[in-house]
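Residue numbers (this note's numbering), protein chains in the order written: chain A, 1 to 790; chain B, 1 to 161; chain C, 1 to 262.
It is possible that some hints are incorrect.
Lysine-lysine pairs mimicking DSBU-like chemistry, simulated, CA-CA at most 30 Å apart [said to hold, decoys possible]:
#1 Lys3(B) - Lys25(A)
#2 Lys25(A) - Lys12(A)
#3 Lys3(B) - Lys12(A)
#4 Lys97(A) - Lys154(A)
#5 Lys174(A) - Lys350(A)
#6 Lys8(C) - Lys120(B)
#7 Lys773(A) - Lys455(A)
#8 Lys25(A) - Lys275(A)
#9 Lys183(A) - Lys773(A)
Pairwise CB distance ranges, derived in the manner of DEER restraints [claimed, not checked]:
#10 Glu132(A) - Ser36(C): 48 to 58 Å
#11 Gln415(A) - Gly83(B): 50 to 60 Å
#12 Gly45(C) - Leu706(A): 28 to 38 Å
#13 Gly156(B) - Gln415(A): 38 to 48 Å
#14 Gly156(B) - Val145(A): 37 to 47 Å
#15 Ser84(B) - Asp569(A): 35 to 45 Å
#16 Gly83(B) - Ser539(A): 24 to 34 Å
#17 Ser84(B) - Pro618(A): 42 to 52 Å
#18 Lys25(A) - Ser84(B): 48 to 58 Å
#19 Pro583(A) - Gly156(B): 42 to 52 Å
Hints listed in this document are in silico derivations from the structure and should not be mistaken for laboratory results. Positions of the beta carbon are idealized from the N, C-alpha and C atoms, including for glycine.
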Amino acid sequence: MPKDDGIGASVKRREDTRFLTGNGKYTDDINLRGQTYVHFLRSDVAHGRIKGIDASAAEAMDGVLKVFTAADFASAGGIPCGWQVTDRFGNPMQEPKHPILAEGKVRHVGDPICAVVAETYAQARDAAEAIEVDIEELEPVVDMVRALEPDAPKVHDDLTSNLCYDWGFVEDNKAAVNEAFEKAAHVVSLELTNNRLVANPMEPRVAVGDYDPWGDSHTLYTTSQNPHVIRLLMGAFVLNIPEHKLRVVAPDVGGGFGSKIYHYAEEAFCTYAAKVLKRPVKWTSSRSEAFISDAHGRDHKTKIELALDADHNFIALRTETYANMGAYLSTFAPSIPTWLHGTLMAGNYKTPLIYVNVKAVFTNTVPVDAYRGAGRPEATFQIERLVDKAARELGVDPIELRRKNFIKPEEFPYQTPVAVVYDTGNYHATLDKMLELADCAGFEARRAESAARGKLRGFGIAHYIEACGIAPSNLVGQLGARAGLYESASVRVNATGSISVYTGSHSHGQGHETTFAQVVADMIGVDANSIEIHHGDTSNTPMGMGTYGSRSLAVGGSAIVKATNKVIDKAKKIAAHLLEAAPEDIELKDGKFSVAGTDKSVDWSGVTLAAYVPHNYPLEDLEPGLEETAFYDPSNFTYPSGAYGCEIELDPETGKIDILRFIAADDFGNIVNPMIVEGQVHGGLAQGIGQALLENCVYDDQGQLLSGSYMDYAMPRADDVRGFTVDHSCITPCTHNPLGVKGCGEAGAIGSPPAVVNAAIDALHRAGHTHVKHIDMPLTPSRVWAAMNG
Amino acid sequence: MGKVTMTVNGRARSAEVEGRTLLSSFLRDGLELTGTHVGCDTSQCGACVVLVNGQAVKSCTAFAADLDGAEVTTVEGMANPDGSLGRIQQAFQDYHGLQCGYCTPGMVMSTAALLAENPKPTEEEVRHYLEGNICRCTGYQNIVRAVMAASGQDVGALAAE
Amino acid sequence: MYNFDFVKPSSIADAVAALAGEDAQPLSGGQTLIPSMKARLNAPGTLVSLTGIPELVGVCREGDMLVIGAATTHAQVARDAAADFPGLAALAGQIGDPAVRNRGTIGGSLANNDPSACYPAAALGTGATIVTDRREIGADDYFQGMFTTALEEGEIITAVRFPIPQASAYAKFVQPASRFALTAAFVARFESGVRVAITGASENGVFRWAEAEAALSSDFSADAIAGLACSPDEMIADLHGTAAYRAHLVGVMTRRAVAAAG
């Protein structure tokens, strides 16, 4: 039996009480004395040359303190990119400058040109309309293929073309892969789009910059998933502020899904302007502004081909992908279509030869970066759609084709041909579990019932593998990361035995305050309520890399385990002294130290008090106090996997698809809080189903965003998704982190889109619409109807 | 500028407002009741839902001046008199009906309006009623369970879908 | 949004007087107007709230007519019209979401005449009369294209008089983001014949589908219009649906409305 507040228990979340009573402290709830407000005047054209800016009328308006332009940032650096990809010829990617405010040109709708700071937000916005910006409109380039044509307009005049990089992986395998295709008994191919999405956390971004002239120190409150990363990037590369003079606080943050990883211009602006004006400067994004200033996600165009032998074994896979970078390189943008995508192209299968080509392209659109899953949903969608298509073309059961080609349980650890080593997994087990929960035996009766109502029912499956727990620093360093990807933790034991944990991870919905306390409570055997988790403030947490890539428990949790073990080791020495025994004879159980084989014991608080009131204490051997810090750098990624099944009903008259049931059988390794894990999967499923059926970020050919608000960008609502069954009973613990955990945050969004599309194609084929081979996401009713009638 | 008075969570509260001051801004900026959130500017997301004279209203799409004299309940007014979580709030915690917490105030207030109108809603009725409240974290399933539980219904069946 | 002066008269006469001022605009529920003001697409100098005028609110049966005050919310129509005119009540209950229905009004919707709004379909689909502070306008004359009506500057709707049909229904295919109608049909059967109004589909706003009306007037059944197709010419094409798709939906939704009306 698990401890009722320890590892494995569905402990209710302690953070909920403040959120449920209106007492959360989000960045927009912070108002500082003397605060001013900034409004960014943003480009309304996708591409243009700035010929002149006249802000004199605006500066004379009531309440206006200053209008900033690029000239005010002459001494500042550009917004840096955190990852350098090397192309297949050995050259570094093209890396344009990303200024805080547009310099000379505007490159996407939403590119900030001027910033107006005033006493009130309304005054700032009113004044922005009085600024005269003379822009010579230039032809924009929106389509990725068009962007690579020799006569295409250039997004950046100082680059040789709109190609950021042309990446090949594994380049040395290319000839062998092509040769395998020559010899293949069957070749199946598919061209598809992975639709551009907008992350849309419900809290829009906010930044508040504050400056203390007496200490020459800065504080930035910001909606970030990783305040230390912002401090490093902004301090060292943009504003030249040393870390000890810059505090970054990310308080309660209302969701991120990747979009709040990156360092954004507005953060640097507020930090800098607060010093210029000697007043706090606040920016609150509206939702409309978020659509044109938050980094977008996905946006790949791919051709994928699979070669099979006569026995239907996968023998080779090759892909060609165009990946949209947008107008500038967002913080981790170059890594998404390469190292977070190419390395997952083996999927769950024993395909021995793989070649992935990715052309990353600049266009006059908002920058594109990681969004929940980041590269892995794109890989999974391609593979799982293609395997399904292969089964149809070969006339075999898509489930059996998968089973036949799965990596077998006994083959782990498994070295893929795309660099990574899967430590553990059991794909047959999750598939079997999913099929059991899906009640496949009852499907035919359910299909007949739908048919009686004039509806088409279909069932689709998908299997996924993802690389989480990002990441081994030395490995990602070799791959171009300009950062380490370890995590940190400090465990400060207080004199009376309560514990304050400071983590470099950041919670913006994941429930770390609850789960991390469970881990420590379990290790020491004390009540979880005596443990407090602190995060989000660079002034009191050790340098950490934050939360993304399903890394918090696998990496951040491991750092906490490591620091807690250090604490326990020291506490045992203190206990040994108190109990007059050897440290190696001391056992810790249920919050009590005892001497093995005796009834001599001292409880936790007795030891902690001794540490801080060292009257009876081995001062010659041991420092007083009980506080330890640890940094954990993983030795490998973690590899969660799972089998997803989706049952849909399709209305043939309108093309509308309804999700009826969705089964997720995941292997996340060990689980700390099952309730929270299920919640994470639910949320991921809704986002993946949203991508598959509803969400689409669309530009017209002039670079105007057509889906720039919730009036046109279809967010999943309560009546769009339903029927989730989530299972995590198939467990192959991670072999290389102390908790044996793998990460669960992104799985739902990775595995669900192909399951939904496969279900739709299944429904259409069962009803005789066998000419429909593929429909690009989102499968809107209009698209489905057109495909059926095409 | 003009002065507007409302009864907010049972107390008479006044603040100076402009014509353009929205109810959400009156609450957040004027009264420092920051539990009410603003998540969009097109009246879609529902993070700002409060009760006005007992009815759910998107506070970002109503002018404070238009509601002079109204009775308003916000999420800050939903706890029990002793400060413990109210019935709806407790159900949201019990069934993990929130993650980041940003949409939560609107969800709680819409739930209050729903249960006042329909004390024992079906799952379909809950999902339909909440169509004006967007949550990006939970996938809604646990929100629906929380609402059903708050209405005193068995959520076991729902959990086993 | 831009600032403005706010007034809230308590009589129609005071409202009309206030609207005579320069740059004055009426405010009803504000569920469309306020978002457009936030986007600075609308800049009234004075906003005249119509929600404090008791005579503009209410649902009242007058013979074979249902008269609805212009400032009556969708929620109230959904509730109070249910007994006398269930087709209209059901339509009102599908507008926006519950919170929007608690503020948005029938007068505001008809004055705005969004090409994807629900109420125009009911007004045109029944041949309702739009009553203003100065005259009465038949629905066939009132709707003049998307966001365009017969209303004059400063003229406000005070009530809408709906002839109560023998049977009616509204079939709405929802645009998944906005929850407006991607295409929707309101069908009403009267002693004198059948009216069919389509919203959400046409670039010209709400319209009557004459061929369907003719067919249904002689045989009020979904089968009667099974072979009828609406032309995709002048249909709206956007990221939610092509013109051909909307034209197709016109038929589907009309048939479903007929089936639901029974």
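Against the structure, the hints come out as follows:
no.: 1; hint: Lys3(B) - Lys25(A); in the structure: 28 Å, holds
no.: 2; hint: Lys25(A) - Lys12(A); in the structure: 20 Å, holds
no.: 3; hint: Lys3(B) - Lys12(A); in the structure: 43 Å, violated
no.: 4; hint: Lys97(A) - Lys154(A); in the structure: 14 Å, holds
no.: 5; hint: Lys174(A) - Lys350(A); in the structure: 17 Å, holds
no.: 6; hint: Lys8(C) - Lys120(B); in the structure: 38 Å, violated
no.: 7; hint: Lys773(A) - Lys455(A); in the structure: 20 Å, holds
no.: 8; hint: Lys25(A) - Lys275(A); in the structure: 25 Å, holds
no.: 9; hint: Lys183(A) - Lys773(A); in the structure: 25 Å, holds
no.: 10; hint: Glu132(A) - Ser36(C): 48 to 58 Å; in the structure: 25 Å, violated
no.: 11; hint: Gln415(A) - Gly83(B): 50 to 60 Å; in the structure: 58 Å, holds
no.: 12; hint: Gly45(C) - Leu706(A): 28 to 38 Å; in the structure: 32 Å, holds
no.: 13; hint: Gly156(B) - Gln415(A): 38 to 48 Å; in the structure: 45 Å, holds
no.: 14; hint: Gly156(B) - Val145(A): 37 to 47 Å; in the structure: 53 Å, violated
no.: 15; hint: Ser84(B) - Asp569(A): 35 to 45 Å; in the structure: 41 Å, holds
no.: 16; hint: Gly83(B) - Ser539(A): 24 to 34 Å; in the structure: 31 Å, holds
no.: 17; hint: Ser84(B) - Pro618(A): 42 to 52 Å; in the structure: 47 Å, holds
no.: 18; hint: Lys25(A) - Ser84(B): 48 to 58 Å; in the structure: 21 Å, violated
no.: 19; hint: Pro583(A) - Gly156(B): 42 to 52 Å; in the structure: 50 Å, holds
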